[in-house]
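Got chain A; can you put chain B on it based on the hints?
Quick mapping for you: the protein sequence lines, in order, are chains A and B. FYI, the working numbering numbers position 272 of the first sequence as 272, with every residue one higher than the one before it. Counting from 1 along the second sequence, just add 325 to a position and that's the residue number in the working numbering.
Treat the hints with care, as some may be off.
[Unchecked claim] With a cut-off of at most 25 Å between alpha-carbon atoms, the simulated DSS-like pairs for lysine-lysine come out as follows:
no.: 1; chain 1: A; residue 1: Lys317; chain 2: B; residue 2: Lys442
no.: 2; chain 1: B; residue 1: Lys534; chain 2: A; residue 2: Lys321
no.: 3; chain 1: B; residue 1: Lys534; chain 2: A; residue 2: Lys316
no.: 4; chain 1: A; residue 1: Lys214; chain 2: A; residue 2: Lys260
no.: 5; chain 1: A; residue 1: Lys167; chain 2: A; residue 2: Lys214
no.: 6; chain 1: A; residue 1: Lys7; chain 2: A; residue 2: Lys317
no.: 7; chain 1: A; residue 1: Lys43; chain 2: A; residue 2: Lys214
Because the hints were derived from the structure by calculation, they are not lab data.
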Amino acid sequence: MYAQMVKSEATQEDPEKLTAFQARIDAGEKIEPKDWMPEGYRKTLIRQIGQHAHSEIVGQLPEGNWITRAPTLERKAILLAKVQDEAGHGLYLYCAAETLGVSRDELTEMLLDGRMKYSSIFNYPTLNWADMGAVGWLVDGAAIMNQVPLQRTSFGPYSRAMIRVCKEESFHQRQGYDAIRKMAEGTPAQKKMAQDALNRMWYPSLMMFGPSDKDSVHSEQSMRWKIKMNTNDELRQKFVDQTVPQAEFLGLTIPDPKLKWNEERGHYDFSEPDWAEFHDVIRGNGPCNTDRLAARNKAWEDGRWVRDAMLAHARKKAARKIAAE
Amino acid sequence: MTRDEALVQGLVRLGDNTLIIGHRVSEWCGHSPVLEEDIALANIALDMIGQTQLWLGLAGEIEGAGRDADTLAFHRDAWDFRNLLLCEMPNGDFGRTMMRQFLFDAWHSIYLGRLLKSSDARVAAIAEKASKEVAYHLERSADTVVALGDGTPESHDRMQAALDYLYPYVGEMFLSDEGDAVLAEAGIAPDPASLREEYDALVGRVLDKATLSVPENRYAQKGGRTGTMHTEHLGHLLAQMQWLQRAYPDATW
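Only chain A is shown next, with the shape it has when bound in the complex:
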């Protein structure tokens, strides 16, 4: 899940309009940008889609970290294509957010000065090549868990963006699994890298779904609006149930001594991640928060002259065209 702890906005509007709006959502209709919508719905969506877009953009950094060190030309090409897809996802999501009346530049400024967040997972480092497999397998796997249901979300542009994003994410997940499988089946050193990657990525991946429902204050309204489709705990359980057999197939050990199949529930029992750590990361104290934001700020600042020049050239070109007519 690339959007965590998105605060729902309370709405104080004409009760009749609100009832009619809710009826449209309950009937499974899509809400389109020009339709009436409660301000709370609009603001919550901007926050959620914006956070998702920022996650795609910041998410380029931990994987970009290995492009220049990829072990084969094919793996390099796969990783480049993946990071390019993520930038593309960022682009469609910013476009979806723009239909709600906020510009990409405004959203970017809010990311850069810390008013908006991105997923906690990207504040963890990628330290060995197997991390590229683990990111695809676990991080994209967790993202898909959340994004597949969001294909049915009530806001039309978001739903359509998710349909496109999910196709590519599923592909990334398979590529990630293939990369880590090669490591797990490789030399002792490669196997060690794969296990190390799983050890570091497991709990941060579980955190991607957000805090437990009993502690999640924002879920209810968002679920009524079909902006959020499942509870955090449901998705986390589904992710664990799906991932444990995959880890077993790889011969890797999930770093959770309490992990055990529960026959009665028909699900795995597992340990919760350390939520104090999660809140620290959200507050800016994760291992990479400072570097990630510094990298984005540097890119934006260093690029200012380029953006200014592109705009100046486009204006001159338009003026020359008018002058010639």
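This is chain B only, laid out in the frame that chain A set:
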């Protein structure tokens, strides 16, 4: 030099150009001035890596010594690389990266255009695929050079500085040696010296639109395509690009 030796050298030159400049472009991933540029630069790097697989793959096949594209890319030291020095020059600011790309794309598109008529069908087939990609790269890098040259006083100065810095690395593209003569004689590849006029005309048109001046000094730095003297930058690039393969030589990935 036999025809096959000359051909392997020619293919390694092509593959090393795309590998090294592709690596440089990929360093931008996630750090560019605007999202569309992140996408475009990743796309160009991806095309370059794809072309590398084809050129080095064919080189290894003709060489017949059991080296595939990956072995050639990751298990040679700097003195065995045959890329133009221009390709290994560091990115600098975005303007310098785009200027380097333009100066390379202009040469690359002309060179590949000649390879389309290569007497070697394998070479012509790769050129066919690559030239379509490179036509797009050239259109894009030329447009960017024009926009940034013409944009603001600051961008103009940065682009002129980029051109002044990189221009000494242009001349190497047109130096010919024994291997080139063998390939030209066999109709496999053009004599590099024969491409200069077309290159100067193309580059001149674009730089003129970009309001930039071609430096008068025509001195050419050389030693990349012969491997006799690379810049200091290549060793650092290879240290990063080849570390994993060399640290774990018994691994497959």
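Now for the hints, and whether the structure bears them out:
{"no.": "1", "hint": "A/Lys317 <-> B/Lys442", "verdict": "violated, 38 Å"}
{"no.": "2", "hint": "B/Lys534 <-> A/Lys321", "verdict": "holds, 15 Å"}
{"no.": "3", "hint": "B/Lys534 <-> A/Lys316", "verdict": "holds, 13 Å"}
{"no.": "4", "hint": "A/Lys214 <-> A/Lys260", "verdict": "holds, 23 Å"}
{"no.": "5", "hint": "A/Lys167 <-> A/Lys214", "verdict": "violated, 32 Å"}
{"no.": "6", "hint": "A/Lys7 <-> A/Lys317", "verdict": "violated, 44 Å"}
{"no.": "7", "hint": "A/Lys43 <-> A/Lys214", "verdict": "holds, 24 Å"}
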